[in-house]
Amino acid sequence: MLVAGLTAVSCTGDNARELFETAQFEERQNNADHTKQLYREIAERYPQSPYAGRASDRLRELDRPKPAAP
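For the sequence shown, the tail end lands on 199 under my numbering, and the numbers increase by one without skipping.
Please note: incorrect hints may appear among the correct ones.
[Stated by the list, open to error] Here are the simulated distance ranges between beta carbons:
#, residue 1, residue 2, range
1, Pro194, His163, 18 to 24 Å
2, Pro199, Arg174, 38 to 44 Å
3, Glu173, Pro199, 37 to 43 Å
Quick caveat, the hints were computed from the structure, so don't treat them as lab data. The beta carbon of each residue, even a glycine, is placed where N, CA and C say it ideally should be.
Please take these sequences and the hints and turn them into a complete structure.
Here you go:
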């Protein structure tokens with residue numbers, strides 16, 4: 130049982146990490162819509178993952194209004 134539980138947590142962490150890395154790539158490519166979708170998915174599907182908090186932080190930053198250009 131313990132092994133199965135550890136495997137499930139490990140897989141969940143791997144999935145969250147992979148999604149987070151993809152979201153970071155999409156963010157570097159300036160693909161805001163897909164980036165936000167991926168960060169939301171991480172926060173919703175993997176709330177216990179350390180990546181969930183990081184994804185939520187990035188979403189808040191991306192949703193923050195940009196200052197007007199001078």
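Query - List of violated hint numbers, smallest to largest - result: Result: no hint breaks.
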